[in-house]
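There are 4 protein chains.
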Amino acid sequence: MEPIRVGVLGARGKMGSEAVRAVGEAADTELVAEINREDSLRGLSEAGVQVAVDLTHPDSVMDNLAFCVEHGIHAVVGTSGVGTEELSRIRSWLGEQSEIGVLVVPNFAIGAVLAMKFSEIAARYFDSAEIVESHHPRKADAPSGTAARTARMISQARAAAELGPMPDATTRDPEGARGAEIDDVHVHAVRMTGLVAHQEVLFGTEGETLTVRHDSYDRRSFMPGLLLAVREIERRKGVTVGLDPLLGL
Amino acid sequence: MEPIRVGVLGARGKMGSEAVRAVGEAADTELVAEINREDSLRGLSEAGVQVAVDLTHPDSVMDNLAFCVEHGIHAVVGTSGVGTEELSRIRSWLGEQSEIGVLVVPNFAIGAVLAMKFSEIAARYFDSAEIVESHHPRKADAPSGTAARTARMISQARAAAELGPMPDATTRDPEGARGAEIDDVHVHAVRMTGLVAHQEVLFGTEGETLTVRHDSYDRRSFMPGLLLAVREIERRKGVTVGLDPLLGL
Amino acid sequence: MEPIRVGVLGARGKMGSEAVRAVGEAADTELVAEINREDSLRGLSEAGVQVAVDLTHPDSVMDNLAFCVEHGIHAVVGTSGVGTEELSRIRSWLGEQSEIGVLVVPNFAIGAVLAMKFSEIAARYFDSAEIVESHHPRKADAPSGTAARTARMISQARAAAELGPMPDATTRDPEGARGAEIDDVHVHAVRMTGLVAHQEVLFGTEGETLTVRHDSYDRRSFMPGLLLAVREIERRKGVTVGLDPLLGL
Amino acid sequence: MEPIRVGVLGARGKMGSEAVRAVGEAADTELVAEINREDSLRGLSEAGVQVAVDLTHPDSVMDNLAFCVEHGIHAVVGTSGVGTEELSRIRSWLGEQSEIGVLVVPNFAIGAVLAMKFSEIAARYFDSAEIVESHHPRKADAPSGTAARTARMISQARAAAELGPMPDATTRDPEGARGAEIDDVHVHAVRMTGLVAHQEVLFGTEGETLTVRHDSYDRRSFMPGLLLAVREIERRKGVTVGLDPLLGL
Numbered sequence: 001m002e003p004i005r006v007g008v009l010g011a012r013g014k015m016g017s018e019a020v021r022a023v024g025e026a027a028d029t030e031l032v033a034e035i036n037r038e039d040s041l042r043g044l045s046e047a048g049v050q051v052a053v054d055l056t057h058p059d060s061v062m063d064n065l066a067f068c069v070e071h072g073i074h075a076v077v078g079t080s081g082v083g084t085e086e087l088s089r090i091r092s093w094l095g096e097q098s099e100i101g102v103l104v105v106p107n108f109a110i111g112a113v114l115a116m117k118f119s120e121i122a123a124r125y126f127d128s129a130e131i132v133e134s135h136h137p138r139k140a141d142a143p144s145g146t147a148a149r150t151a152r153m154i155s156q157a158r159a160a161a162e163l164g165p166m167p168d169a170t171t172r173d174p175e176g177a178r179g180a181e182i183d184d185v186h187v188h189a190v191r192m193t194g195l196v197a198h199q200e201v202l203f204g205t206e207g208e209t210l211t212v213r214h215d216s217y218d219r220r221s222f223m224p225g226l227l228l229a230v231r232e233i234e235r236r237k238g239v240t241v242g243l244d245p246l247l248g249l
Numbered sequence: 001m002e003p004i005r006v007g008v009l010g011a012r013g014k015m016g017s018e019a020v021r022a023v024g025e026a027a028d029t030e031l032v033a034e035i036n037r038e039d040s041l042r043g044l045s046e047a048g049v050q051v052a053v054d055l056t057h058p059d060s061v062m063d064n065l066a067f068c069v070e071h072g073i074h075a076v077v078g079t080s081g082v083g084t085e086e087l088s089r090i091r092s093w094l095g096e097q098s099e100i101g102v103l104v105v106p107n108f109a110i111g112a113v114l115a116m117k118f119s120e121i122a123a124r125y126f127d128s129a130e131i132v133e134s135h136h137p138r139k140a141d142a143p144s145g146t147a148a149r150t151a152r153m154i155s156q157a158r159a160a161a162e163l164g165p166m167p168d169a170t171t172r173d174p175e176g177a178r179g180a181e182i183d184d185v186h187v188h189a190v191r192m193t194g195l196v197a198h199q200e201v202l203f204g205t206e207g208e209t210l211t212v213r214h215d216s217y218d219r220r221s222f223m224p225g226l227l228l229a230v231r232e233i234e235r236r237k238g239v240t241v242g243l244d245p246l247l248g249l
Numbered sequence: 001m002e003p004i005r006v007g008v009l010g011a012r013g014k015m016g017s018e019a020v021r022a023v024g025e026a027a028d029t030e031l032v033a034e035i036n037r038e039d040s041l042r043g044l045s046e047a048g049v050q051v052a053v054d055l056t057h058p059d060s061v062m063d064n065l066a067f068c069v070e071h072g073i074h075a076v077v078g079t080s081g082v083g084t085e086e087l088s089r090i091r092s093w094l095g096e097q098s099e100i101g102v103l104v105v106p107n108f109a110i111g112a113v114l115a116m117k118f119s120e121i122a123a124r125y126f127d128s129a130e131i132v133e134s135h136h137p138r139k140a141d142a143p144s145g146t147a148a149r150t151a152r153m154i155s156q157a158r159a160a161a162e163l164g165p166m167p168d169a170t171t172r173d174p175e176g177a178r179g180a181e182i183d184d185v186h187v188h189a190v191r192m193t194g195l196v197a198h199q200e201v202l203f204g205t206e207g208e209t210l211t212v213r214h215d216s217y218d219r220r221s222f223m224p225g226l227l228l229a230v231r232e233i234e235r236r237k238g239v240t241v242g243l244d245p246l247l248g249l
Numbered sequence: 001m002e003p004i005r006v007g008v009l010g011a012r013g014k015m016g017s018e019a020v021r022a023v024g025e026a027a028d029t030e031l032v033a034e035i036n037r038e039d040s041l042r043g044l045s046e047a048g049v050q051v052a053v054d055l056t057h058p059d060s061v062m063d064n065l066a067f068c069v070e071h072g073i074h075a076v077v078g079t080s081g082v083g084t085e086e087l088s089r090i091r092s093w094l095g096e097q098s099e100i101g102v103l104v105v106p107n108f109a110i111g112a113v114l115a116m117k118f119s120e121i122a123a124r125y126f127d128s129a130e131i132v133e134s135h136h137p138r139k140a141d142a143p144s145g146t147a148a149r150t151a152r153m154i155s156q157a158r159a160a161a162e163l164g165p166m167p168d169a170t171t172r173d174p175e176g177a178r179g180a181e182i183d184d185v186h187v188h189a190v191r192m193t194g195l196v197a198h199q200e201v202l203f204g205t206e207g208e209t210l211t212v213r214h215d216s217y218d219r220r221s222f223m224p225g226l227l228l229a230v231r232e233i234e235r236r237k238g239v240t241v242g243l244d245p246l247l248g249l
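Residue numbers (full-length UniProt numbering), protein chains in the order written: chain A, 1 to 249; chain B, 1 to 249; chain C, 1 to 249; chain D, 1 to 249.
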């Protein structure tokens with residue numbers, strides 16, 4: 001079988017250079033274009049790119065996607081800034097008959113995607129659920145986007161199962177030790193030198209607890225998910241969000 | 001709605017007395033018979049038991065089940081010793097038209113069942129998988145039955161996904177620190193005062209790890225699963241093994 | 001050697017009844033008096049008690065101690081409510097020549113005492129330190145007293161080593177996910193059905209983390225420390241606070 | 001104050017190049033010599049090196065140390081292969097009046113040193129102790145040297161406190177799930193893609209457990225300990241083994 005012809009946009013960036021390496025090393029993909037800020041997008045079509053991987057910037061991602069859609073190139077998008085509004089714009093570009101797939105992936109780490117899914121499944125069977133996320137101290141936001149998203153999924157699963165509020169007799173917490181409440185799920189954020197990106201989702205009921213923990217040490221952890229996206233996109237026409245459907249979850 | 005009429009066999013045992021308490025306390029179940037070794041099984045039919053919960057002994061469980069099937073009583077079985085051979089015997093008793101449900105449950109802890117299921121799902125996405133189970137020091141077997149079962153499920157999931165052997169460069173391990181190999185999955189057993197029953201399933205791939213941990217502190221952790229079984233058995237004609245199908249997994 | 005003659009005050013309480021059991025079972029201690037709210041303290045002197053264990057109530061503990069000091073009875077105090085002011089009152093009762101020991105113990109769990117001590121030692125070697133404490137959901141205060149005390153010890157050890165502030169680039173935390181700040185140490189409190197009392201102290205520096213975790217499952221965990229206090233108090237004239245000095249820390 | 005003049009032997013190696021970076025960056029140390037296999041040791045004396053850091057090979061370390069002792073240069077040794085015999089040879093070179101310090105460090109990670117020390121302190125207070133070490137799958141030995149050393153320290157501390165054997169009712173363990181026994185302490189070794197170097201020491205007694213965990217993600221974790229050694233060696237004449245004495249433990 002011919003290898004998939006891949007172009008990486010933002011090839012010199014942190015994620016981009018990892019993607020260049022991963023696509024180059026995999027047996028079934030071939031790196032045929034590296035596009036940086038100063039390069040014309042025409043490099044993609046001239047190189048016969050089948051799948052473009054966008055790892056650029058919120059300012060440029062929509063222009064890049066417009067070009068891909070216009071030139072019949074599938075796109076895997078790891079850039080942030082593609083929200084609800086942007087998604088419907090992309091859908092309108094694709095129209096109904098399109099053969100093009102656009103796969104927007106908020107998190108390429110397969111472990112993180114599984115952890116979130118498992119949390120959603122478990123949520124309905126436990127009285128209590130809380131999240132502790134831990135990251136390097138250079139992170140500006142607390143809690144992490146992944147933790148907030150996980151909290152919302154847990155909250156919705158509990159509501160669907162008609163669970164009542166979680167038990168919590170706290171009457172005195174002058175300093176806010178109980179952390180953030182995201183849709184009724186308490187979320188705690190640790191910031192610490194030596195850490196990278198970690199999340200622990202804790203569930204408890206009478207006499208037992210269940211913990212789903214994900215540790216991400218390295219940008220390389222995103223590459224198996226990125227390659228999975230590159231391989232599967234031809235079978236996913238239209239807009240897809242997240243790796244979940246590709247994992248059969 | 002009328003509460004479900006429940007009889008507990010082995011009512012004075014450790015699990016049995018917990019079941020008596022739990023069935024008595026739940027709003028939708030009613031405890032109408034407590035049967036111990038010296039009591040006649042006729043107590044079940046005389047009390048109009050709809051669901052019998054067997055928490056007795058491998059020596060008596062099959063006789064108890066024969067009585068239940070004969071008298072049209074659903075049975076939830078927490079007793080060990082119901083293997084492949086016993087299951088097919090029960091199936092032959094039930095015949096094809098039976099309205100009776102027999103639900104054999106190796107583990108009532110919902111958290112443990114979920115942990116095992118999550119491990120099975122995750123197995124195919126990671127290069128490495130190992131299990132560390134930790135129990136109180138009065139346990140005679142190592143590894144635990146749950147750990148061995150989890151190892152086999154992981155091994156089968158890896159085989160189905162055509163994963164190769166796990167990476168392991170160990171060439172010197174004179175004392176056996178790498179632990180047991182159950183179907184190619186390394187399993188480690190910790191025995192320690194202060195612990196009850198715990199299991200950690202670890203998965204690793206390039207740059208990330210995923211951990212599914214279950215902690216069981218108390219026999220009470222089995223009661224939510226036991227009540228779930230009592231409530232669902234009417235919808236499960238024939239023989240069912242494990243809580244998984246009841247959890248929609 | 002003669003066993004130590006012990007009286008338990010608050011013998012019917014939760015901790016008290018555990019103490020009655022533990023003192024009764026140990027080979028080198030003898031339970032000679034059980035005093036409850038309605039009993040006269042004279043029961044202690046009449047029974048020839050050498051060491052009184054006070055597990056009563058903040059309202060009664062100072063009267064009990066006055067009686068013990070007056071009657072030459074050593075006292076081990078597990079009751080809360082003995083603060084700085086009370087301690088100096090006790091010291092004034094004892095005077096300079098006293099042969100009596102009063103040992104006030106905020107936490108009898110040896111593991112908790114060690115965890116706190118280890119945290120104090122480690123604090124000066126790491127850029128970052130945070131605490132995650134987890135308890136059953138019936139707890140009214142957040143964070144736990146132990147967590148607050150540990151945070152203060154870490155903060156003091158950092159100041160003594162002239163460490164600067166911990167690195168933390170958080171600029172956006174609208175819901176308070178970063179938790180409580182106790183003397184500059186972030187403290188997070190989890191409340192969850194199924195848990196008892198747990199604390200994790202995390203330290204991080206370039207490329208490594210150190211974690212000290214204590215899990216307390218049961219009131220029985222306080223008994224080894226309580227017996228240690230009973231055995232050692234004869235060698236500790238005057239007022240002592242905490243088990244640390246008895247552990248040689 | 002003048003910065004300490006440092007020479008690195010094995011400057012091109014993995015640890016060596018990290019040391020070159022760390023010594024160069026610290027305000028109170030100055031890198032004045034980088035010595036590799038092909039360079040003469042005279043480069044050390046010619047550059048006026050005060051402290052040599054040996055990160056070479058078991059074959060060359062003793063020759064390097066002989067040169068340092070002869071030329072009045074303090075030596076910090078991270079190279080393996082300096083055992084009991086080598087240590088007494090070095091002591092004989094130094095003689096009694098020497099002003100030279102030789103500091104042999106099996107592990108520069110301060111967190112690992114603390115974890116080991118804490119384990120030694122805790123050992124006497126708990127009925128049970130076990131070790132789970134986890135490493136990347138390219139490691140040839142199981143268990144790790146650190147785990148074996150920690151096990152021996154725990155075993156000696158238990159013997160000194162006259163503790164009996166740990167409770168363990170295991171009668172059936174056909175596959176060796178209970179792991180290695182190093183001096184009566186069970187040690188378990190996990191090997192997994194995505195991990196680096198991790199160790200968990202578990203202690204348990206009635207109703208409570210204490211866990212000391214060390215995670216090492218990166219060679220950089222050795223640099224704070226290496227710089228500490230460089231700074232303190234002038235105050236440590238003669239031969240010292242390990243960072244413990246420098247940490248005041």
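No wet-lab data here; the hints were simulated from the structure.
Just so it is clear, the structure is predicted and the values come from calculations on it, not from any experiment.
You may find that some hints are simply not true.
All copies of an identical chain are treated as equivalent in the list; a pair is satisfied when it fits inside any one copy or across any two copies.
As the list claims (entries may be wrong) - No more than 20 Å apart at the CA atoms, straight line, and that leaves these computed lysine to any residue pairs for SDA-like:
no. : residue 1 : residue 2
1   : Lys14     : Asp218
2   : Lys139    : Arg172
3   : Lys139    : Val69
4   : Lys139    : Leu94
5   : Lys14     : Gly164
6   : Lys139    : Ser60
7   : Lys139    : Arg235
8   : Lys139    : Asp63
9   : Lys139    : Pro174
10  : Lys139    : Glu206
11  : Lys139    : Thr170
12  : Lys14     : Tyr125
13  : Lys139    : Met166
14  : Lys139    : Ala157
15  : Lys139    : Pro167
16  : Lys237    : Asp59
As a check of your reading, is lysine 139 near proline 167 (CA-CA no more than 20 Å) within one copy, between copies, both or neither?
Classified as between: cross-chain Cα gap 10 Å, same-chain 31 Å, threshold 20 Å.
First find the shortest C-alpha distance between lysine 237 and aspartate 59 inside one copy, then the shortest across copies, and answer within, between, both or neither for a cut-off of 20 Å.
This pair counts as neither: shortest intra-copy Cα distance 25 Å, inter-copy 59 Å.
Could you place lysine 139 and serine 60 in one of the four classes (within, between, both, neither) given a Cα distance threshold of 20 Å?
Answer is neither; intra-copy 23 Å and inter-copy 44 Å both fail.
Quick one: lysine 139 to alanine 157, C-alpha cut-off 20 Å, is that within a copy, between copies, both, or neither?
neither (29 Å within a copy, 26 Å between copies)
Homomeric proximity label, lysine 139 with glutamate 206: Cα distance no greater than 20 Å
This pair counts as between: shortest inter-copy Cα distance 16 Å, intra-copy 36 Å.
20 Å Cα cut-off: does lysine 139 pair with leucine 94 within a copy, between copies, both or neither?
So lysine 139 and leucine 94 fail the 20 Å test inside a copy (36 Å) and across (50 Å) alike.
20 Å Cα threshold - placement of proline 174 relative to lysine 139
Between copies only: 15 Å across chains, 26 Å inside a chain, cut-off 20 Å.
Can you give me the call for lysine 139 and aspartate 63, within, between, both or neither, at a CA distance of at most 20 Å?
neither (28 Å within a copy, 47 Å between copies)
I want to check one pair: lysine 139 and methionine 166. Are their C-alpha atoms no more than 20 Å apart within a copy, between two copies, both, or neither?
between (30 Å within a copy, 13 Å between copies)
Homomeric proximity label, lysine 14 with glycine 164: Cα distance no greater than 20 Å:
neither (44 Å within a copy, 30 Å between copies)
When Cα atoms must be at most 20 Å apart, do lysine 139 and threonine 170 count as within-copy, between-copy, both, or neither?
Classified as between; 6 Å across copies, 29 Å inside a copy.
Regarding lysine 139 and arginine 235, is the shortest C-alpha distance of 20 Å or less found within a copy, between copies, in both, or in neither?
neither (36 Å within a copy, 40 Å between copies)
Against the hints set out earlier in the document, violations occur for numbers 3, 4, 5, 6, 7, 8, 12, 14, 16.
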